[in-house]
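Colleague: The primary structure of each chain is shown beneath.
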Amino acid sequence: MVIECLVLGAGQEVGKSCVVVTINGKRIMFDCGMHMGYLDHRRYPDFSLISKSHDFTRSLSCIIITHFHLDHIGALPYFTQVCGYNGPIYMTYPTKALAPLMLEDYRKVMVDRRGEEEQFSSEHIVECMKKVTAVDLKQTIQVDEDLQIRAYYAGHVLGAAMFYAKVGDAAIVYTGDYNMTPDRHLGAAQIDRLQLDLVITESTYATTYRDSKYVREREFLKAVHKCVASGGKVLIPTFALGRAQELCMLLDDYWERMNLKVPIYFSAGLTIQANMYYKVLINWTSQKVKDTYATRNAFDFKNGMISGGFSLEVFKQWAPCEKNLVTLPGYCVAGTVGHKLMSAKIPTQIRLDEDVQINVRCQIHQLSFSPHTDAKGIMDLVKFLSPKHVILVHGEKPKMVTLKEKIQSELGIQCYLPANSESLCIPTTHHIKAGASDAFVRSCLSPNFKFLKTNSAELDDSHKRTMPLLQVYDDRVSEGILTLQKNQSPKVVNQNEFMEALGVEKHEVKLAHCFRVYIPDSESGDASDCLPSTSRKGSLLHLISEKLCRELPDFDVQDCQEHIQIQSVVVSFCSNEKCPHRTGVSLQSVDKKEVHFCCSWSVADDALAWRIVASIKNLELDT
Amino acid sequence: MEFTCLSEGKGYYFPPCHILDICGFRVLFDCPMDLSSLAIFSPVPTSSNSIAYNRKFSCSSEKYAGLELNEDKRLKIDKPLDANSLIGAEPHYRTVKNLLLWNVSFIDVVLISSPMGMLGLPFLTRNKDFSAKVYATEATARIGQLMMEDLVSMHKEYRQFYGAEESDAPQWMKWDELELLPLELRQIVFGADGTEFGGWMPLYSAADVKACMLKVECLKYAEEACYGGTLIIQAFSSGLEIGSCNWGISGPKASISYISSSVFSSAAAMSFNYQALQRSDVILYSDFSSCNGLDKFDNDDNCSGAAGNNYSNLSSDDVNSEGHDTLLNDEEYLEEMEKLNFICSCSVDCIKAGGSVLIPIARIGITLQLLERFAVNLASENMRVPIFLISSVAEELIAFTNIIPEWLCEQWQDRLYSGQPLFSHVEMLKDGRLYLFPAIHSLKLLKTWQEPCIVFCPHWSLRLGPVVHLLLRWSADQNSLLVMEEGLDANLALLPFKPMAMKVLQCSFVSGIQMQKSHHLLKILQPRHVLFPEILRQHIGPLETVFSFNYYSENKMVHIPYMKDSELDITVELACQLQYTTLKQQDMNISRLKGELMIEHGRYRLHLGNDEQVSSHPRPLVHFGRIDLNNLLTALQKLDMNATLEEVTGAAGSHKASRIHVSEPSKAMIEVIEAQTVISAADENIASVISQAISGVLDCI
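Quick mapping for you: the protein sequence lines, in order, are chains A and B. For the first sequence, UniProt numbering puts the final residue at 623, and the numbers step up evenly by one. For the second sequence, UniProt numbering puts the final residue at 701, and the numbers step up evenly by one.
Excised from the complex, chain A in its bound form (with noise of 0.2 Å):
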């Protein structure tokens, strides 16, 4: 069994997240987006490799989309109303909220300023969000009666996700984009331990390490607050909209704080909206914001205001003012404005496009506060999670490599890196399914206890005072037989069960050997022919037991006065003249020194016995 990964997009790369994975037959689409840098085809996946004949419907089981950001949504429309799939799509319900807002947004800018040929309409949003079942976090959704998925909190934005999906034995976990530290407004993602084939992370910051948060909170206060008491205007344009809310809090805390009175001015439409929104969501942003709604909800901003204007004629407003600030979110898609001006040198003129040109005279403060996890924060999470793999998507290339290098040293774990249009196959885990009978699992959960003695005697100082003289284990091996029928699926019993189900009895194989031993007087002077023959025959079943417990150490050998067991091993004197186990030349025995001994086994100690059978023998020898 396989897992196939076929990357689409955000290989190796920032941008149209995309990933489609074949699980034991099922196939699920992660994430559905677009690339932000680019006008033409490559905005989007490449759809047809999913399927030659376009019937996408068929060919995938579900689409799985994280969040809510354009580069992991954007391409859903397109997807669902032009290529016409018509399948479930499962997200979470923030996202299912916001979601349209975002698409939306993006449709006007392309359409109403930019002038494009629209890729969806209004409609085509309105009826593809018709198709989404909106999940809860840890819900547990059967997708068909093999495939199972559930989302687990990721942080990064309002209701963004990791998905885990599990189809037989093989299961995986897509992050999507997710943040390991909380911030002002979300807590840090949060996922169960689970036994994964695969994981597949996202690695924006695959070399960053970063500080305190605190400290980049400050600075960016400083900065702001400097610039509005010179007098001069900030713009914080964020193109992310969990950022707003984020960047909301901490100046409407800071203001508050230090009694300020400029005004905040909202960008109306997506803020205010995506503002209700967050209210009415409330559930899913932290632990510390959650615990205040009951008195106020943190969303209810007490400084804030609306106006109209986006962000970009207000940038060209007040560029050319450098009393002004204009701050930067921390990752800019390449292409866009932002990051031209993170690149730039102030001052600098900056082409919006074919005939606009900008002075840039302003202030410029880059925000460090990024919603996705740095370095340390996935190899935590790799390392918590243990997968059998690893694949790396949506960071750049060189940056990639040093994780995966880090990953494969550090952690052990496989990793890999497709760029995009590359297909990966996975092993996956696989178990044999069979029926277990009461009895069988009773007998393998109770316990099984074994006392082992350790010979004082044998041990040397060391080991006396740390070895304790008896050791108690209780080793739960299961055993049971497992059968297998005609048409009949595995089953699994005990011996005894097996034995009566078949009706048959058990059916003892034993071996046996009796044999001669010359044993000299060892001891001196006549004292031992006074002895009564028993208790000398005692004190020689003694000595034997004694060379036996020296030889075969790693055995228990008991000696129970009348014979010696080792195992199934029975040694015992044989008087008997006819022993039907004296095989071989069979005199008569008329030297008293000479004794003849019997053994009886089980074929499985049969090793055993021949070594102890020797061992018996050498007595001649060694005395």
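It is worth saying that the hints were derived from the structure and are not from the lab. A few of these clues could be false.
Stated by the list, open to error - For lysine-lysine, the following DSS-like pairs were computed, each having C-alpha atoms within a straight-line distance of at most 25 Å:
| no. | chain 1 | residue 1 | chain 2 | residue 2 |
| --- | --- | --- | --- | --- |
| 1 | A | LYS510 | B | LYS444 |
| 2 | B | LYS215 | A | LYS578 |
| 3 | B | LYS564 | A | LYS506 |
| 4 | B | LYS210 | A | LYS433 |
| 5 | B | LYS594 | A | LYS433 |
| 6 | B | LYS594 | A | LYS486 |
| 7 | A | LYS397 | A | LYS340 |
| 8 | B | LYS564 | B | LYS156 |
| 9 | B | LYS667 | A | LYS450 |
| 10 | B | LYS210 | A | LYS288 |
| 11 | B | LYS133 | A | LYS510 |
| 12 | A | LYS290 | B | LYS430 |
| 13 | B | LYS215 | A | LYS288 |
| 14 | A | LYS290 | B | LYS215 |
| 15 | B | LYS156 | B | LYS210 |
| 16 | A | LYS506 | B | LYS156 |
| 17 | A | LYS288 | A | LYS213 |
Dock chain B against chain A, hints included.
Modeller: Below, chain B alone, put in the same frame as chain A:
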């Protein structure tokens, strides 16, 4: 598996209570209490307004007179039922009596299906022997907590009036006092057949509620909770109320679905998710609503006022239509909406006439729906009457409903997706159409109070909380309206407030599966076995089904057989090491299996034991079957042995043993007796060759 019904309950406010023994664990379903029994107590007299004051005055003077009369009438058994016969003492609360018969420490898991099913939980959790894990959905836990806190705070009024209780057994509980109660009250105290006395407890404290909540594990919708590695427990919406659920429990030997009262297309809560319960082995059917509905026809009270209206929650559904369509038709939903609209229009009429409306209904979904409707209806009539929501937890409750869109019905969820505010009450609160107050005596309420108005307040039993005061105030006003639920004995409930000039509207809401629908439901769910309540036997009729079923009744243990073997996962590493042998007679391959058994997430898994001791001590081979001597001889001869057979007979001539003597290549003897064979040989090699030959003619493992 053993199943015992502890209580069949009594409608929506007193859900059933059961205990199930599965895979060695004991699972308790719900822990409710019977608040309708509060009816035997007299509400706290009040002096908050003039009308009530007068009434109270006359009331209490009558009462004292009545008490004196009592002394004389000791011998008379059946007193007529009037306001004075109610017990004037701090109330006790009736819990599930049969639960007290069980050892609390033996309960492993408690599953709470609805906020109502939680109200008796503090009685259980405050027991020091209680060690079970309690599971409830997040919404149920929160709403249940608020309801319990509200109950404790309302009860405080009694305590303030009567003072601290002196002993566990109050005066009214004394046998001779109870004997003197009128028949109607005795029936509540002792049960209909007079055998159910017991389970009356003084109310828990706020601290008990707090401690109880710490023991509740909140579950997300359909989250898999794993108990003891063995049971996987999942909650799926039942549609009865926001947060209420049915349970799926699966262990290695069986999967069980517990179906509590469920609603297919709920007016407020997320609807009954029955698809999730498909293909479970056993269904515990615990929806008594259809028989509660039937009861209603039997003892129909005449106390519904002028506007009284009887709604049946049994509709003449077309039984013939099949499948999901039948289950999901919106007839039920539309009917429910119609009821709500009717309540609204009655209320509007009453306000037009200058009266006020009092709605003591504890169903949150219904309250939310009515608020929506009032917002629309009042606006369209251009009326500005304030709506008051008076409860110690009103604010928390309303705030909470705003943040659980996951538990709301589709219609409300769609509002979220289309960018509208979830509820209009957010807007109503802002512009002063709706007020939330913690208590009737709060200063703010007195300042904003104006009549006519609409008041939502607890408690539905009409014995506790703000409703008592408002009833005393308005009961004489013929223009005012009381909206109450059916199922409550209205005659008894309204007793302390008589004579009632106020209009009373009694209505019922959908609170379970209709009998006709349950047939379709079970057809879709395809269980292998179903447990029905005994009292549904007559309604179920002859079922032509593929599943087996039986009936359960209160306090009788029902045995449910396990339907299958435990399932075992064998790891590939282990499976690869298996060596199969084929049995001689049967067409069967067998292999000795040895490993380490783990139970993980409700499944048994056999791993390769990595213990050295295991591998170094192979278990002795086991032989079975009978030795065919001729076959053995042939086998030995094939191995170039010279073997001869000798039969040994015992003294009495009976067959004792068979011996095979081997002379070549070296001497050996094989003795075969019944189920034992002994090989005697001096040579190790020949002995092992012979034993292999014997293994060849026997089956072995």
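Colleague: Does each hint fit the structure? Answer for all of them.
Modeller: Hint check:
1. A:LYS510 <-> B:LYS444: With a Cα-Cα distance of about 96 Å, the restraint between A:LYS510 and B:LYS444 is violated, given a limit of 25 Å.
2. B:LYS215 <-> A:LYS578: violated (77 Å)
3. B:LYS564 <-> A:LYS506: Roughly 28 Å separates the two Cα atoms, so the pair is violated.
4. B:LYS210 <-> A:LYS433: violated (46 Å)
5. B:LYS594 <-> A:LYS433: holds (15 Å)
6. B:LYS594 <-> A:LYS486: holds (23 Å)
7. A:LYS397 <-> A:LYS340: With a Cα-Cα distance of about 21 Å, the restraint between A:LYS397 and A:LYS340 holds, given a limit of 25 Å.
8. B:LYS564 <-> B:LYS156: Roughly 53 Å separates the two Cα atoms, so the pair is violated.
9. B:LYS667 <-> A:LYS450: With Cα atoms ~40 Å apart, B:LYS667 and A:LYS450 exceed 25 Å; violated.
10. B:LYS210 <-> A:LYS288: It holds: about 20 Å lies between the C-alpha atoms, which stays within 25 Å.
11. B:LYS133 <-> A:LYS510: violated (54 Å)
12. A:LYS290 <-> B:LYS430: holds (22 Å)
13. B:LYS215 <-> A:LYS288: holds (21 Å)
14. A:LYS290 <-> B:LYS215: holds (20 Å)
15. B:LYS156 <-> B:LYS210: Answer holds: B:LYS156 to B:LYS210 is near 16 Å, not above 25 Å.
16. A:LYS506 <-> B:LYS156: Violated, because 75 Å separates the two Cα atoms, which is more than 25 Å.
17. A:LYS288 <-> A:LYS213: holds (17 Å)
The structure fails to meet hints 1, 2, 3, 4, 8, 9, 11, 16 from the earlier list, while all remaining hints are met.
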